[in-house]
Amino acid sequence: MLQAIVSGLILGSIYAIIAQGYYITFVTNRTMNFGQGDFLMLGALVGLTTLGTVTSAGMNLFVSVLVTMVVVAAAMAMLGWGLERGAIRPLGHVLSVGWILSTVAVSLMIRNIAMLIWGRNVIPFPSPFGDEVYRFGSVGITKHEIFVAICAIVIMACLFFFLNRSLLGKALAAVAFNPDAASLMGINPRRMAVLAFALSSMLAGVGGILVGPITNTAFFMGATLGLKAFAAAIIGGLTNPLGILIGGLLLGVIEQVFSLYSSAYKDASAFLLILIVLIFMPQGLLGKKVKEKF
Amino acid sequence: MKKARWWFTLAMVLAVGAAGCGPKLDQSSGGQSGGQTQAGAAPGSQSSGGEFNVGLAISLSGGTAKFGEAVKRAAQMAVDEFNEAGGADGKKAKLIVYDDEAKPEKSVEIVQRLIQQDKVVGFVGPANSGNAKAHIKFAQEAGVPEIIPVATGTTITQTYEKEDKNYIFRVAPYDKGQVETILKWVVEEKKLTKIGLLHDTTGYGQGGKTDVEGVLKDKYNMTLTATESFQVNDTNMEAQLSKMRDAQVEVVIFYGLAPEAAQYLKSRQKLNYYPLTVASWAMGDPTVKELVGDLVNKDVYMVQSFTIDQSAESKAFHDKVVAKYGEDIFPIASAQGYDCMQLILQAVKKAGTDPKAIRDAIENMTGFTGITAIGEQPFTKENHEALTSSNMFLATYRDGVIVKP
Amino acid sequence: MKKWLLYLLIALALYFFPWLFPSSYYVHMAQGFLYTYIVVAGLNLLVGLSGQLSLGHAGFYAIGAYVTGLCTVAGVPFLLSLLLGVLICAGAGGLVAMLSLRAKGPYLAMVTIAFGLLVEIVANRWVEVTGGPAGLYLPEAKLFGLGLGTVSYYWFIAVIALVVTVLIDNLFTSRYGRTFRAMGNSEVAAATAGVHVRNWKVLAFAISACTAGLGGALFAFQNAYFNSDTFTFDKSILFLVGVIVGGAGTRLGPLVGTIVIFLLPQWVQSLYNYHLLIFGGILLLSLIALPEGIVGGIQRIFKQRNQYSGTPSLPAPDSDGPSQMGSRDGADLNVQAAVMEFDGFRAVDAIDLQIKGSEVRGLIGPNGSGKSTTVNMLSGVYVPTKGKLSWKGVDVTSFPPHRMAAAGITRTFQNLQLFHELTVLENVMLGFHLHYRKGFAANILHTPGFLREESHFRAEAMRLLQFVGLAEKAGEQAAALSYGQQRLVEIARALATKPDLLILDEPAAGASLYEVDNIVRVIRKVKDSGIAILLVEHHMEIVMNVCDTITVLDFGKKIAEGDPAFIKNHPQVIEAYLGGEEVTKLVVG
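Protein chains in written order, with my numbering: chain A, 5 to 298; chain B, 3 to 407; chain C, 35 to 623.
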């Protein structure tokens, strides 16, 4: 039981990191990247290749992990920028669901390209910190999971700081609150949308590096994770980063604990949870209720 | 209301038409002549004289893409070699490949396309048992032989065994054979009684489950102590394993593919619980070792019907694959794919390009030398499995190498 | 008639297809195309018309397949099983709609995703019943004891596809299609026109689930075998792609969309290394180039926006609108100490208000004084936190907008809420929602009764447009009109509900001087026809000229009430308006 909770929390924190990506773009311009899972896959694969290159160049462990993170973040930010320019902006808001499909289209292309580059096989992604298991009583935790936990805390802290304290973060919030007023104040909403997508993709990429050694790294790994993260975001409430964090952890733990009772219906537990939450709280656990004005 | 009557009349006309003189489909189907002159038909169909088509319908995307890719490479090699050796009476083979995306409905489409449009004389595929079940009807009805290189679902080749001519063959260790091999070892040799089963929720694992339960009951009158399942892409199997531990099982039978096998081995380490494990052939996928390294060495057994160095032919074949593609992504799938295609091509040499004659030639094939453990006469009228439990054995990892224990 | 000729041609083409392409592969493909088309056409109703979203249609597809399949296996005749499957799907659709009623946008998307995945999981794991990935073998489909071979099964699907097309087409051009579309454009406006939005959403989901189930059932019997691997999330996405790429909300869209999602993959089949790349690329390009879908885009290019009603004929010129529309018993509204609070903020603070007979009541006050909140309370958009609303002796405090409309109170909107995808005439026709009598069957079959009713209300709507002076704009898209004209359309739509109390929320805002004159003229005429009016307005000139009595609000409280002359000189009112500048700054929203 304890083991299930710990593993669930680790997995949940990764869901939460990916899910924050949905939050950032959603509050900025009411769109999301439905291909977040495939962005994560790309992040994992790029990270894997970079890590391999950097370590074989003989760099120190922590430096190489850091370099990998930076490279992946930069690459994914570029991709996010491209996504916004290529698949979100041209659609405008003509069609309320067009962006869902355009981001899915991009993710299909990414999946195909990744398959051509990295092959159809599952690729081993050895954790840079090794697979050693620490034992605390009956609970086993791998070194990598500790690394994930630390990273998750750091990333969440940075994200909250960025959103609430930094000038850019406040500009983002301003656009989210009222794009017209924000543009009058000299904030370019379009630039903020690009920033939001870059950030969102970065989170997916970093999530990919973290999840790679835990799950199997392959071109088809993204879809499930992307959906789970979306579920986490919805459970927590798309408009509240804290809610998303809680949603992610909750989802991770419930999945693991539920499989103690019925491993066959483990996946069903996650989606039942969503239905129940949404029936009673249509804005998620901590989502803000949007009051329409007439 | 007048319109309604109109429609009714029309419907009646249609119905009468349907009952009476329906159009005749596929009148010119069949291999030997290029009958139908469909302008858009695949280039190199029969009418060009010097070529005949062989098909491959397998998943090249989706979760089983790797099997498909390995088979595709091997099949292409077999076809190339056949053509370099001069073909059959100067006729060269052309390989037509379609991806079934691991979806049954897609599989039905492409098999029909291979048969009707490309007029293949025979084809190889698929990787998923569900896909095979969905499409074999069309191969059987059209009378085009199909040889299955990967899908292991037990019932597939038996579906039409009562028919006069069964067009479905297989060169892969079918599930029931694997299960019998596993249980013989577990129950008869090791005398273990508390057996746990861990299977995936795809057709593969669920098919395995049916066979394990069936053989246990019918042959040994036993039941499973614990049954747990997992999903493809699951990140760990801790919950399932700890339930196995709680149930005090003595042996875990693992029925899943390589990536999940790796997760299973990782979870064993994390829980510090290493039950004796016997798995289906997928555990022998080199990916498992790549993914978890030394973890494969501890009490892990699996069914195998092929090792790279089991014969001079297989060693030479493996080297050829590596030389051509740089790596052998899945040796056993490559070997089986190669044998499948070889069987069709050999049959063409003997019997020409009529699919029905090819079927007979495959069934009555003698003196065949395969890469896998396939016999010189792989099939009989009653048995369309080239690999039976007598060709299968339990292997284990020793220092990362698959050996017979 | 032209329409029926077209259907006949399609029917003949479908009938002769097996002779033209005598290959079981082509016939098989045609079957697949047709049942996929049925699903896409139904999803188009949901997404394109009612403006909802489903990313879980594979779930309904699966339910249709399994229910029909399992019933047949159990010995129920094929047709009956099919019917059962479709009905159960409708129920499931209604259920999903009920579950997701309060969820909007991405939350709604998630509910449907979760539903689809749950069905997929159950289909995969409940092996004893569904067969799971090992699949389910079905008996041959039989019609009245006659086995259906490949070709006759194709014909069977073709007949169903044709019937579905005709019915859906009829739905598009009936008031049902209009109401779905209106609801998708503006829920609140539809509600104030008397549409019970919840029921209509459920209906849209149920119809759409029906067709998805039908498609699934037809798929199941195509090969007499199917397994759970078919009903994936990808499938749901694919259906949605069909709707959007074809052109959501267009009548031909599903056909074109199905070509894209079904035939395109066939063409690139041998490029197995790149087919996702090609499919994704084409999808992306088409979304960028034609965001309204292929059919939508082409229609835009040719400027031939779908007209869902024939050209209206002008009514007799002597008509003068609402006065001819039955007897009215006059307004009788009594508001007692109504309070509206938002998160502790009192927007409206214990207001009393009486409106009787056919008076014109002005409601004025500085920005933020609670006028809009009052209007929202009276029209049922908000339920008061405290206090009581009674109307003709009935307690209507917690009535939702559509019940308010049914009781005789309706409104226009300060920020226009026209159904922008409908024509001006259709907007007004929607106002008659409460007065249509013909039900679903009549609408979907286009019975003579339905046609009579349509032309009756079209004439009525024309009369109302004449009344507000917009008869010549009847065929235009509502969105194409000027601000002032749109306000008049809203008034006409509101009048169509045959109200006893009409609430006009700043009807002159944004209108040009000429248009203001026109609006004032219309208000006067409405007043003359015996309908009570509550007028919220900033143009003091209009208020003073038109109103019998004026109520003044400030900071959510009523500070004065009386005739125009009294209000004009009321010290507190002057104070409130002079201090208006500061008030605006103090109270946001």
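Since the hints were derived computationally from the structure, they do not count as laboratory data.
These figures come from a predicted structure and were not determined experimentally.
Any given hint could be a false lead.
Stated by the list, open to error - Residues from chain B that face chain A, not an exhaustive set, calculated with beta carbons under 8 angstroms:
1. A67
2. A228
3. E230
4. K245
5. A249
6. A264
7. D311
Stated by the list, open to error - Computed cross-link-like contacts, DSSO-like style, restricted to lysine-lysine with a CA-CA straight-line distance of at most 30 angstroms:
8. K390/C x K37/C
9. K164/B x K383/B
10. K420/C x K390/C
11. K186/B x K406/B
12. K93/B x K351/B
13. K326/B x K351/B
14. K193/B x K245/B
15. K383/B x K167/B
16. K591/C x K561/C
17. K420/C x K292/A
18. K147/A x K300/B
19. K292/A x K422/C
20. K532/C x K426/C
21. K176/C x K167/B
22. K139/B x K176/C
23. K164/B x K176/C
24. K322/B x K352/B
25. K176/C x K138/C
26. K358/B x K139/B
27. K326/B x K406/B
28. K406/B x K96/B
29. K221/B x K300/B
30. K176/C x K390/C
31. K326/B x K300/B
32. K94/B x K352/B
33. K406/B x K26/B
34. K26/B x K591/C
35. K138/C x K174/A
36. K138/C x K292/A
37. K292/A x K390/C
38. K147/A x K383/B
39. K139/B x K352/B
In this text, a Cβ means the ideal position worked out from N, Cα and C, and glycines have one as well.
Verification of the hints:
no. : hint            : in the structure
1   : A67             : 4 angstroms, holds
2   : A228            : 10 angstroms, violated
3   : E230            : 5 angstroms, holds
4   : K245            : 7 angstroms, holds
5   : A249            : 13 angstroms, violated
6   : A264            : 7 angstroms, holds
7   : D311            : 22 angstroms, violated
8   : K390/C x K37/C  : 51 angstroms, violated
9   : K164/B x K383/B : 10 angstroms, holds
10  : K420/C x K390/C : 22 angstroms, holds
11  : K186/B x K406/B : 16 angstroms, holds
12  : K93/B x K351/B  : 9 angstroms, holds
13  : K326/B x K351/B : 25 angstroms, holds
14  : K193/B x K245/B : 22 angstroms, holds
15  : K383/B x K167/B : 8 angstroms, holds
16  : K591/C x K561/C : 27 angstroms, holds
17  : K420/C x K292/A : 24 angstroms, holds
18  : K147/A x K300/B : 21 angstroms, holds
19  : K292/A x K422/C : 29 angstroms, holds
20  : K532/C x K426/C : 16 angstroms, holds
21  : K176/C x K167/B : 27 angstroms, holds
22  : K139/B x K176/C : 19 angstroms, holds
23  : K164/B x K176/C : 25 angstroms, holds
24  : K322/B x K352/B : 26 angstroms, holds
25  : K176/C x K138/C : 43 angstroms, violated
26  : K358/B x K139/B : 15 angstroms, holds
27  : K326/B x K406/B : 29 angstroms, holds
28  : K406/B x K96/B  : 39 angstroms, violated
29  : K221/B x K300/B : 29 angstroms, holds
30  : K176/C x K390/C : 67 angstroms, violated
31  : K326/B x K300/B : 34 angstroms, violated
32  : K94/B x K352/B  : 14 angstroms, holds
33  : K406/B x K26/B  : 56 angstroms, violated
34  : K26/B x K591/C  : 83 angstroms, violated
35  : K138/C x K174/A : 27 angstroms, holds
36  : K138/C x K292/A : 13 angstroms, holds
37  : K292/A x K390/C : 40 angstroms, violated
38  : K147/A x K383/B : 57 angstroms, violated
39  : K139/B x K352/B : 26 angstroms, holds
The structure fails to meet hints 2, 5, 7, 8, 25, 28, 30, 31, 33, 34, 37, 38 from the earlier list, while all remaining hints are met.
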